[in-house]
Amino acid sequence: MKAKEGVVNVLNKVLTADLTAINQYFVHAKMCENWGYERLQHKVRERSIDEMKDADELIGHILYLEGVPNVQRMNTVQVGETVPEQLKLDLKAEQEMLALLNEGIVLCTKVLDFTTRHMFEDMAKDVDVHIDWIETQMETIKQVGLENYLAEQIKKES
Numbered sequence: 004m005k006a007k008e009g010v011v012n013v014l015n016k017v018l019t020a021d022l023t024a025i026n027q028y029f030v031h032a033k034m035c036e037n038w039g040y041e042r043l044q045h046k047v048r049e050r051s052i053d054e055m056k057d058a059d060e061l062i063g064h065i066l067y068l069e070g071v072p073n074v075q076r077m078n079t080v081q082v083g084e085t086v087p088e089q090l091k092l093d094l095k096a097e098q099e100m101l102a103l104l105n106e107g108i109v110l111c112t113k114v115l116d117f118t119t120r121h122m123f124e125d126m127a128k129d130v131d132v133h134i135d136w137i138e139t140q141m142e143t144i145k146q147v148g149l150e151n152y153l154a155e156q157i158k159k160e161s
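Per the numbering used here, residue 4 is the first one in the sequence shown, and the count goes up by one each step.
Careful, some of the hints might be misleading.
Claimed, not checked - Derived lysine-lysine pairs resembling BS3-like cross-links, with alpha carbons at most 27 Å apart:
id: 1; residue 1: Lys56; residue 2: Lys7
id: 2; residue 1: Lys33; residue 2: Lys7
id: 3; residue 1: Lys46; residue 2: Lys56
id: 4; residue 1: Lys33; residue 2: Lys91
id: 5; residue 1: Lys95; residue 2: Lys128
id: 6; residue 1: Lys113; residue 2: Lys46
As the list claims (entries may be wrong) - Simulated restraints, written as ranges between beta carbons of each label pair:
id: 7; residue 1: Glu60; residue 2: Glu36; range: 45 to 51 Å
id: 8; residue 1: Asp125; residue 2: His45; range: 21 to 27 Å
id: 9; residue 1: Gly83; residue 2: Thr118; range: 33 to 39 Å
id: 10; residue 1: Lys145; residue 2: Asp125; range: 30 to 36 Å
id: 11; residue 1: Glu150; residue 2: Val71; range: 48 to 54 Å
id: 12; residue 1: Asp131; residue 2: Ile157; range: 54 to 60 Å
id: 13; residue 1: Glu41; residue 2: Glu99; range: 25 to 31 Å
id: 14; residue 1: Asn37; residue 2: Asn12; range: 37 to 43 Å
id: 15; residue 1: Ala102; residue 2: Val74; range: 29 to 35 Å
Because the hints were derived from the structure by calculation, they are not lab data. Small disclaimer: the values here were computed from a predicted structure and weren't measured. Where is the CB? At the ideal position from N, CA and C, for every residue including glycine.
Using the sequences and the hints, build the whole thing.
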């Protein structure tokens, strides 16, 4: 099926953001593991895997639309040196992803590509969940203090 004008371009923009997020979250997870924050490491690694699944879906959809997935392009991976920095950078990445997805939803509505629009809407729901989780972590740090928060991250939930 041939893509409507602009759709493959926006799919590739989202793919670029996903490929960047995969790497950013993976590095953050490994850093948390190294610091002994097993619970946090597990959650951040899970987000990296979610982004991999999204990238897989995007690549498949781009190919379905007879486009070429641009996997060699990536944005700058932002690595936080502390847990609060990591949360701040991950929140920024998720907010930028949500803006891209919304741009894609608007374009797809305009060109009547409802399949891609639906895919973007589903991804936006997942991004909203990620944003909510990160904001909750940041608020928890404010309320209980960084040391207490980090002490809770040492053991993974059973």
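Hint by hint, here is what the structure shows:
1. With a C-alpha separation of about 24 Å, the suggested pair Lys56 and Lys7 falls inside the 27 Å cut-off, and the hint holds.
2. For a cut-off of 27 Å, the pair hint linking Lys33 to Lys7 is broken: about 40 Å separates their Cα positions.
3. The straight-line distance between the Cα atoms of Lys46 and Lys56 is roughly 15 Å, inside the 27 Å bound, and the hint therefore holds.
4. In summary, the hint linking Lys33 to Lys91 is supported, as the alpha carbons are separated by about 17 Å, within the 27 Å threshold.
5. The straight-line distance between the Cα atoms of Lys95 and Lys128 is roughly 16 Å, inside the 27 Å bound, and the hint therefore holds.
6. Annotation: proposed proximity of Lys113 to Lys46 is violated, straight-line Cα distance about 37 Å (limit 27 Å).
7. Judged by the Cβ atoms, the range 45 to 51 Å given for Glu60 and Glu36 is violated: they are separated by roughly 27 Å.
8. Restraint check, Asp125 to His45: a C-beta distance of roughly 24 Å satisfies the suggested window 21 to 27 Å.
9. For Gly83 paired with Thr118, a C-beta distance near 36 Å keeps the hint of 33 to 39 Å intact.
10. Between Lys145 and Asp125 the beta carbons are some 31 Å apart, a value that agrees with the proposed interval 30 to 36 Å.
11. For Glu150 and Val71, the Cβ-Cβ distance of about 49 Å falls inside the hinted range of 48 to 54 Å, so the restraint holds.
12. The hint said 54 to 60 Å for the Cβ distance between Asp131 and Ile157, and at roughly 29 Å that hint is violated.
13. Evaluation of the 25 to 31 Å hint for Glu41 and Glu99 yields a pass: the beta carbon distance comes to about 28 Å.
14. At about 38 Å, the CB distance of Asn37 to Asn12 agrees with the hint of 37 to 43 Å.
15. One distance hint, 29 to 35 Å for the beta-carbon pair Ala102 and Val74, is violated here, with the actual separation near 22 Å.
Consistency note: the structure conflicts with the earlier hints numbered 2, 6, 7, 12 and 15.
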